[in-house]
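Chains as they are written, first to last, in my numbering: chain Y, 1 to 936; chain F, 937 to 1403.
Just so you know, these hints were derived from the structure itself, not from any lab. Be aware that a few hints might be false.
[Said to hold, decoys possible] Only pairs whose alpha carbons sit at most 30 Å apart, straight line, appear in this in silico DSBU-like list of lysine-lysine: (1) Y:K320 with F:K1308; (2) Y:K320 with Y:K155; (3) F:K963 with Y:K320.
[Said to hold, decoys possible] Computed footprint of chain Y on chain F; a stretch qualifies when at least three of its residues, placed anywhere within it, have a C-beta under 8 Å from a C-beta of chain Y: (4) 963-976; (5) 985-992.
Predicted, not measured: the structure shown is a model, and the values here were computed from it. Each residue gets a CB set at the ideal place from its N, CA and C atoms; glycine is no exception.
These are the residues of each chain, in order.
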Amino acid sequence: MPHQLTRALRALVGDGGLITEPSRLIAYESDGLVAYRYLPRAVVLPTDTDQAAAVLARLHRDRIPFVPRGAGTGLSGGALATGEAVLVSTSRMNRIVALDPIARVARVQAGVVNADLSAAALPYGLQYAPDPSSQAACTLGGNVAENSGGPHCLKYGVTSRWVTGLTFVLPNGRVLELGGWGRDAPGYDLVGVVVGSEGCFGLVTEIEVRLTPIPEGVRTLLAIFDDLEAAGTAVTGIIASGLLPCALEIIDAETIRAVEASVFAAGYPTDAGAALVVEMDGTDAGLDAEADHAEACCRAAGASEVRRARSERERLTLWKGRKKAFGAMGRIAPDMLVQDATVPRTRLPNVLHQVGEIGRTYGLRIANVFHGGDGNLHPIILFDRRDPDEVARVDLASREIMRACVAAGGTITGEHGVGIDKREYMELVFSPTELQLMAAVEAVFDPLGLCNPEKVLPAGWRGSLPKRADQDRVRERGASVANPADPVAGLEGLLPHDRVRIGDAAAPWSAWGGSPPPVVLPRATEEAVAVILRANAEGWRVALAGSGTWLGSLDSGSPPDLVLSTAHMDRVLEYEPGDLTMTVEAGMRLSALDHRLARNRQWWPLDPPGRRRTLGAVVSTGVSGPTGAAWGGPRDLALGLSAVTGDGRAFRAGGRVVKNVAGFDLVRLLVGSCGTLAFVGDVTLRLFPRPAMDRTLVVRGACLEQLREAVSVAASHRVTPTAVELLECSRSNGHSREAILGVRLVGSAERVREERRLMREVLLGVDAGVVDELATRATEEFWREVRLLEEETDLALRLSAPREQTSKLIEAARSVGQMRDGRNALVGLPVSLAMSGGASALRVAVRDLCVESGAAEHWAEHLTGLRRTLAHYGGSLTVVRAPTGILRRLHKLAPPGPMGELMTGLKAVFDPAGILPAIHVPVDLPARNGGGLAKT
Amino acid sequence: MSLAEKAPTHLEGGPRPGDALKFEVDKLLTCVHCGFCLPACPTYRLLGDENDSPRGRLHLMRAVAEGRLDPATPAFQLHLDRCLGCRACETVCPSGVRYGELLEVARDEVARAGGMRWSVRAMLGLFARPAATRAAMAVARAVRATGLPALMARLLPSWRWMAGLRLASGMLAASARWPGLRETGRHLEESGEDTVAPLGRGHVLERASGGGTDGSADAPSERVGLFLGCVQQGLFGHVNEATARVLTVNDLRTMDVPGQVCCGALHVHGGDLETARALARANVDAFTAAGAEMVIVNAAGCGAVMKEYDLLLEHDPVYAERARAFAASVRDLSEVLAGRGLCRGAPLSLTITTDAPCHLLHAQGVAQTPAKMLDAVPGLRVVMLRGAEECCGGAGIYGVTHPDLGGQIGADKVAAVIATDADVVVTPNPGCVMQIGAGLATERVRTRTLQPVEILDESYRQAGRYQ
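Take these sequences, add in the hints, and give me the full structure.
This is the structure in structure tokens:
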């Protein structure tokens, strides 16, 4: 390294923070994957975001590549210093910055060890849910890079579900605050894109995560089987029976023997063919019944013995043996390669059989430890690196295992990532278009290719990009007044006549006033491709839609030349109930979907607003409803999708397996992109067993304040209701109000009865009023009202603020309806407020809005003022729906600064000609992309 | 780069740098690089440099074994030298890497490459010579008796060389007997609460269920030898006396074992395996000649190395067999006491907290028994010590060779002890007593550091068992 650079870096991080001597770099030549060795050029150990940013900026100046590194426990070689890079290690950034037990959020530096965060949350009865097997050592920064899972992600989901915000340093050293507590961040889901990017987009220095209550009760079973297939069958049986265990782990004979020989012996019988660990958690009541049920499933599949952990110590021993299994392999072979792939759960027995065959074919010992619940396999190939022939066979067997998994509808990695190890397998799962898109997305973050070079994408893909479209051209195109040839004539011969609607038939999609643009209703994605290609050729501007209900709220520009709607694409393409996944076309209405799933006693637990909601619209807007706090949003429950870019390239993103970290995550980029990036043709959903019982308790009060305490005790109760919703409607001029709180409990009958009792108790305890239970019909009514709040209204907003500013937030929300017009006369309109869970975010709906004769201007000013007020208190205001006249004044095409550059850059990757609507964000977007915990 | 990188499997020619580690290549390959040891390592937690983590050090050793790194490289020496040898990594290692043994071999490699510091060399030389050790200890006791060290520990500033002097003074002062212990039963008797009448000899508590690892298997034996140690005997003679008394009360009369020497732990950790082997042979001889069937050790550091004499003398044709038998007969004092039904003592009004010496917890795998031993003392209020399983930074002569690092690691421990607000922190190892004691003295805290047997001894004394 040049002497000058060394000196500069040392000045930034101090003597102990820079390693340059070759003999001291040896320790950094490998990470958790020892098959490769890359000596870094240097190692830098910054202590905070400022140091890290300064280091990256300095390296950028000299065009020197860098690789982020946490604890170096990764198993795909992601932290190897490829390309003669400088390693930037987060090992000194190991401080928990803030932990708010009431909001259940923590902010940590990237080098904090996963288990240390849970230990810090323990005194408050909270935990950080994702628990990768290496949690005792791996850092949260590494978890974010790899989107780590863990045994319990079957129920709790992977890292992306729990990360709400990031402090992120771009490869050029600029610092961005992405996301943030409150969630309603305008623009694309950059947090979702960065999580799982394997350190290729930049360096994450601080992470904001949600914490979750430690469940009241846990039951852990260990079932012993004669062979692996029987264990796989038991897993399928348990899932099919409607249980949702928090973990289902399978350990094979080879692994059992290694673990029993190690210091972590868990007491498994060493002659067993396979062991299955089943764990269930939640409210204590009902758990025993569930455990009995699971035990019966195991016995039905042929379990020779089923044990139950009788104490916490026994439970931990069971888990210890499972969690340290990889390490214990060192006992039985000098080297091992841990493979990682995911297959649809029902294919498990078959794929396991194939893996065994592959082992025999190549004369290799293969041990299996895996997350049976989500079909995530970890074949461990044992070998001795001193035998070159054996090493060659390991390579061949690995490739064959990958092929078998992909052929079974799976993917090449479920949680370890692609890193350096699986780059060459990427072409097994992704088409050239998909790889090209990933490369282009990466280039938006890292145009010079300095960040984590030679990772994830196969050699030759990175840097071989189509030229980025000129941003100004995109803007200009989006704003221009179109004067194209008549689209209806242009479509002649391209599609059958019944696909096109004009005039009154197009009215449901009319959101712009005047005569509605023609609507094209393709029956399949191929037809959509044809339309989009023609639109590119003709220069038409296209708006994407489902039923058309959201159109007006998303586009503030002039009417498009045509609307492309999925309303006639509503087939179920693939449904295997045992896999808990379903692939459906985007035009499927949510009500139809729910009906279809009910037949198999399953559900997709989201309850987003709207009446005629199509799946495509839900995914496109990325909006979740009251159940979002408990189940996540569309970004968490959409596993994959197929789509068409603005320039007519069809591609698939994600897959149809529950855990999938192959490649960069385009799914979360498209979810919530509001039809600005691509036409979504079908979506693969993650399903759950339908709860046997669904009850709602309500408390009525005079106003929001009266029920606030009730909301917070309900939302923070350890039973974790599926939804806690507080509604307030004001009648006129805000003088007379009424409020109602709904608490929704779902689960097995026994569990719901117990939870209902507990909830009733705490609600009575805060003296909120009479607690009623709604009848089935009334329950549906109540939640329908909540759903329609934002639809049957003229103006819908989402407001958020830090928790300690909740009263300011409520004040601001109430004043939404109190606008002074041009003559300074007060216009008082009825306002409805809704508050989900304990979050300090409000949904606000205003009815009877009249925006004739210049009132739009005043409304825009009024809302801008409110937004400034909220921003002052650290909050935000997002417009969900508003008359076009208001929207146009509130939004602009892209925010200034690096955040805006990222967003326009991403837009240009997918829609280079700008035929889709432009991305809209608030005019005065704050420096942050959202609200958040106080930083230091 | 391919998977097929070769590691040497045999030796060519005569002994060369790195040969000793080449012998151990199979042990080195047990490490699968999983990284679980990183957060368990005090130096990694403090410095964040993987070279200062167990995985990093093993990787350096492997580089030496592979001939890619010269053992004379300052970096190799620096990072091995910085290891506390606490072996907390072994407890968390799922592969069972024998880090402690590998460290000893690697340090031997460093020493032969000429990398041993003069201060370490001098200190190891001192402890290798019994007469010199005794003389030095006598001088130290004389200095201690002046009361000057205790004063210096409290008053010296913390800059430059003064800090080192302050630490040394504190350590010496902390080794003294604490007269205050005698006062602890008094006010209990006065207030009359929870006192029991002194018990007659032979009253035995119920045997602890699931007690010591193997102590309960030991039949009462008359052929018990007590290992005295060098620092333990030189500065903590009162502890050895207390140990003998406590054992006698519990029907174990210790025999005289002439000719016993330093255990060699410091030499093993310092990389002077030859001297360590010589000392081990002398101890094996002494205890065998005396006819001891069981060797009781009350210092965790000594016990750890003595239980591994079999490994140390593995390749010694004459001693290998005898060392195995000897190592198998070594017991930590707490194992012996907790394994037998313990005689009950008089109540002591003390709030205590227990720290686990690394060489008991991680090296010997003895976790429960030290606390169990104190179950025989009624009236004790026991408070948990945060991070009790973490190293105090004493680590043999580490506090002296690395005052900065040792001090920073020790500061954590001292803060944890202060947070308990206990009267006494007990830890069954002289090194830890001195390290923690010095830290507490410089912080001017009233909490005292003792070895647990001292508490038991005082309780017996007040119960009248020595009359």
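Evaluated hints:
1. Y:K320 with F:K1308: Distance of about 26 Å is within 30 Å: holds.
2. Y:K320 with Y:K155: Within the cut-off at roughly 20 Å; holds.
3. F:K963 with Y:K320: Satisfied, since the Cα-Cα distance of roughly 23 Å is no more than 30 Å.
4. 963-976: holds (count 11)
5. 985-992: Check passed, 6 qualifying residues.
Every hint, counting from the list given before, is met by this structure.
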